[in-house]
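J.: What follows is each chain in one-letter form.
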Amino acid sequence: MINSFLLIGLPYAAILIFLIGSILRYYYYGYSVTSHSSQFLESNKLFWGSRLFHSGIVVLLTGHLIGFLLPKSIIILTSMPLWLMVIEVSAFAFGIISFIGIVLLIIRRITVKRLHRVTSTMDLVVYFLLFIQVLSGLLVAYFHRWGTSWYATALVPYLKSIFTLTPDISVITTMPLLIKGHAISAFAFLGLIPFTRLMHFLVYPVNYLRRRVQLVIWNRDLRESRASRKMREGIKPRNN
Amino acid sequence: MDIRSQTAMVFHLDKCIGCHTCSIACKNIWTDRKGAEYMWWNNVETKPGTGYPSHWENQQIYKGGWVKHGQRLKLRVAGNPTGMIKLFHNPDMPVMDDYYEPWTYDYDHLFEAPQGSDQPTARTISLVTGEPIDVKGGPNWDDDLSGTPDYARNDINLNNISAEDQESMFQLERMTMHYLPRMCNHCLNPSCVAACPSGAVYKRGEDGVVLISQEKCRGWRLCVTACPYKKSYYNWTSGKSEKCLLCYPRLETGQAPACMHSCVGRIRYLGVLLYDADKIKEYANCPEDELIDRQLDIYLNPFSEEVIREAQKNGIADSTIDAAQKSPVYKFVKEWKIALPLHAEFRTLPSLFYVPPMLPVMGTMTNGVYESTTGNLWGKIEDSRLPVQYLANLFSAGNADKIRNVLKKLMTVRYHRRKVTVDDIDDRMIRDSFAETGLTADIADAIYRLTSLAKYDERFVIAPAHREEAIEMIESTDDRKGNTGFGEKMGTRRVF
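Chains A and B are the protein sequences, given in the same order. Using our numbering, you'd call the opening residue of the first sequence number 32 and step up by one each time. Using our numbering, you'd call the opening residue of the second sequence number 768 and step up by one each time.
Derived from the structure by calculation, the hints contain no laboratory data. In this text, all values refer to a predicted model and were calculated from it rather than measured experimentally. Note that beta-carbon positions come from the ideal geometry of N, C-alpha and C, so glycine has one too. What you were told as hints is all true, and nothing was included just to trick you.
Which stretches of chain A does chain B cover? Using the computed rule of at least three CB atoms under 8 Å from a CB of chain B, they are:
| no. | region |
| --- | --- |
| 1 | 81 to 88 |
| 2 | 144 to 154 |
The calculated DSS-like cross-link candidates involving lysine-lysine, where the alpha carbons are at most 27 Å apart (straight line), are:
| no. | chain 1 | residue 1 | chain 2 | residue 2 |
| --- | --- | --- | --- | --- |
| 3 | B | 830 | A | 76 |
| 4 | A | 76 | B | 903 |
| 5 | A | 144 | B | 903 |
| 6 | A | 191 | A | 103 |
| 7 | B | 801 | A | 76 |
| 8 | B | 1048 | B | 830 |
| 9 | B | 1046 | B | 835 |
| 10 | B | 1101 | B | 1048 |
| 11 | B | 801 | A | 144 |
| 12 | B | 1101 | B | 1046 |
Chain A with its partners taken away, still in its complex shape (with noise of 0.2 Å):
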């Protein structure tokens, strides 16, 4: 039952809060989609913090996605000792990466005080949440070890099922307490990103690689009014 709840209800939560949280509070609250960058305040600090957590994140996040989306490639991969073995370490050296980083993080917002003016409730729920799921994922790639292998065959069909509606917990219910833990607060996470500053990785200005150099926006058609009889669009004043 409580296995139900956490690994089917839970998830299945999670995803909606997020698709529809985010989608509301990106269009009705579009304005409190910021970052909410504290550099301004304190930046030294904040340069070893957030640059080795971001990076260290960015590419576990990729990984997991991989591994999610293309299991077999995945498989065949890791079934070749050495690449298995690069893959683990790697993977382990951009957890500690990010650890130190989050670790970082924690210690500049408690210790810098100006920063105690900008932190919300949310702030501090969210550090505690990125602490617990990045030490939880360390530990499972300690004590369970070629997670890239088993994650691929084990843990992704779960995923699978979940997302194609026939949500499947034989395997994931016989998994060692510390893997449930971290795809539980995995998902609790994913739900928590509309009311948190989190929104932020939404935003990701990607448009900027393709955009033009200069943006000018014109709020009216000049030439539309200039030249309008029309009564309402363009109405033409009577000095023009």
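Since the structure of chain A is provided, determine the placement of chain B on it from the hints.
T.: Quick look at chain B alone, frame taken from chain A:
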């Protein structure tokens, strides 16, 4: 030709008395809020000095503006792919300590202090942490402090001036300084717009005002770094960047911006310039010694039939063309050529021009006597106390001849008026100065008139936004029927 209109400005530095009334007017209207206390969209600096934020002109530190990169123009702060990494931590961004930590005073203590042997005092309290702080700097901390080691001597514009000249500038009783009021330049080639990753910063087509959409801003802070004038500020409470909006709600109702309206020295002028947007790319990328001339080329003569025809074709209202013809900025910048942009070498094509101060031409102290006579017509300009090169570094991308020409013109106007009012100047001297500067008595009178007599309507020629269409600039009028005012549709308080 793609003719657009730009609201442009001229500041006459000779008339600036450094009273900060402009800054206060702006502060009271726009930045008297939490998170914005440290911002001075308009500020006044003492030059030579390091300014606000300190060393803002030093692009080695802050990496603002554009650089020529072969045939192309490139943002100095990494644009495109490298900029995307800098979002996580931007090493070139000024932090609060580069501006100053805003503070207030613990006034309550004056009333509530227990009885004691000492008079209670109101201590300084940080507006960020609420704790007592020792104030180490402020937005006008360098006021009148030219000559002090901390400020004037660290001015980056002194870099190519000989140690001897520098020393002579700072000698007691010979010290020179002038004020430099600064605000957003509403550039034609704004680097803040080009740097914004989310596309929140934009130039408004109708009047060229550069704005930041608070809805779209995601606080990536690249505009703060990219602006070489450091006139985009990060609001640490709302997590958004903000900047001078040229009081556009006032402009749309035909009023001058608050800083300009309140200026007691009446140093500020505002008017329309028509320009050819097709030329921006080419002219912003020209060799450094041509920058000033090229920028003047971009502005078009609003009296020319062809320009008027093209402007009309582009939808520019007749009322705007009329304003362009009466524009005081056009006269200062194009007709008389006595106003120059600040730091043209940043290549943003700023729309704010300065009439350089006559200050170095003033007399010197010798043996306790203030000496201001000279046998030579331009004597005082050629061997002035403040090296002309210093002004050139500020206003003409290092070209000292440009500054000399302007100063000579300003001097000619004074000779001419002296002749008219007191008549103790040699006719030949007036003729010579007219011949050399290319001015005539009529032009000199016009400069004199606009400089010292001009009333509100002459100093601020605002192109009508057509109030009936002003809201239409933002939204469809039908949606707004029965409503009044403008503003944030949602509170700015942090929700999550």
